[in-house]
Amino acid sequence: EPEVTQTPSHQVTQMGQEVILRCVPISNHLYFYWYRQILGQKVEFLVSFYNNEISEKSEIFDDQFSVERPDGSNFTLKIRSTKLEDSAMYFCASRLRPVDTQYFGPGTRLTVL
Amino acid sequence: AQSVTQPDIHITVSEGASLELRCNYSYGATPYLFWYVQSPGQGLQLLLKYFSGDTLVQGIKGFEAEFKRSQSSFNLRKPSVHWSDAAEYFCAVGATGTASKLTFGTGTRLQVTL
Numbered sequence: 008e009p010e011v012t013q014t015p016s017h018q019v020t021q022m023g024q025e026v027i028l029r030c031v032p033i034s035n036h037l038y039f040y041w042y043r044q045i046l047g048q049k050v051e052f053l054v055s056f057y058n059n060e061i062s063e064k065s066e067i068f069d070d071q072f073s074v075e076r077p078d079g080s081n082f083t084l085k086i087r088s089t090k091l092e093d094s095a096m097y098f099c100a101s102r103l104r105p106v107d108t109q110y111f112g113p114g115t116r117l118t119v120l
Numbered sequence: 030a031q032s033v034t035q036p037d038i039h040i041t042v043s044e045g046a047s048l049e050l051r052c053n054y055s056y057g058a059t060p061y062l063f064w065y066v067q068s069p070g071q072g073l074q075l076l077l078k079y080f081s082g083d084t085l086v087q088g089i090k091g092f093e094a095e096f097k098r099s100q101s102s103f104n105l106r107k108p109s110v111h112w113s114d115a116a117e118y119f120c121a122v123g124a125t126g127t128a129s130k131l132t133f134g135t136g137t138r139l140q141v142t143l
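Residue numbers (our numbering), protein chains in the order written: chain A, 8 to 120; chain B, 30 to 143.
Keep in mind the hints are simulated off the structure, nothing from the lab.
We treat Cβ as the ideally placed atom computed from N, Cα and C, and that holds for glycine.
Take these hints with a grain of salt, some might be off.
Lysine-lysine pairs mimicking DSS-like chemistry, simulated, CA-CA at most 25 Å apart [said to hold, decoys possible]:
| id | chain 1 | residue 1 | chain 2 | residue 2 |
| --- | --- | --- | --- | --- |
| 1 | A | K49 | B | K90 |
| 2 | A | K64 | B | K78 |
| 3 | B | K90 | B | K78 |
| 4 | A | K85 | A | K64 |
| 5 | A | K49 | A | K85 |
| 6 | B | K97 | A | K49 |
| 7 | B | K78 | A | K49 |
| 8 | A | K90 | A | K49 |
| 9 | A | K49 | A | K64 |
Simulated coverage check for chain B against chain A, where a stretch passes if three residues somewhere in it have a Cβ under 8 Å from a Cβ of chain A [as the list claims (entries may be wrong)]:
| id | region |
| --- | --- |
| 10 | 74-81 |
| 11 | 87-96 |
| 12 | 109-119 |
Turn these sequences into a full structure, and let the hints steer you where they fit.
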């Protein structure tokens, strides 16, 4: 069964550094998402991406964040200058069509020191 | 704006007992509803979903959920819980837009005693 994959599984970085989190969505999917989950809290929407542009973004997704689909398979989330409060689990998700299930990857745990 | 409420933060049940996890949603139109399960340190696995049609939906691992429009609820049930069901359960609502996000509840942590 096709899966969403994410790398790395765990990233440790220093405050102020740039990080790029990588996702490979399911191959024929068209809609892509990033969510995050701060430890012990609920999963929060960050951004949705369709047809090579951002469809919707949350208040969390400020100028420090960006997303890109650099080729036909990868979907990346970049945080330009990480803060302590960016420490969280980041989930990528994808789906084929608007009325469909979002399939989640296993997540990348980001730790900002 | 859509929202989800899971009133129970933590539930403990004995193995073999029945389970019901509550979920209430707020959304102006007919929502798309989901239950996901998350084991410690793991990602989110879809248990079941409701888009339309039969209001009682069956999922994986013996779970089912019933959509009740009049109560704005989508409660998750299982007739007999197994120790391996111990995990965090999230209810989520999706809007009907083209690239609509999911809005999650705060989750219910299920503990199963032997």
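Legend entry - In rising order, the numbers of the hints this structure does not comply with: 11, 12
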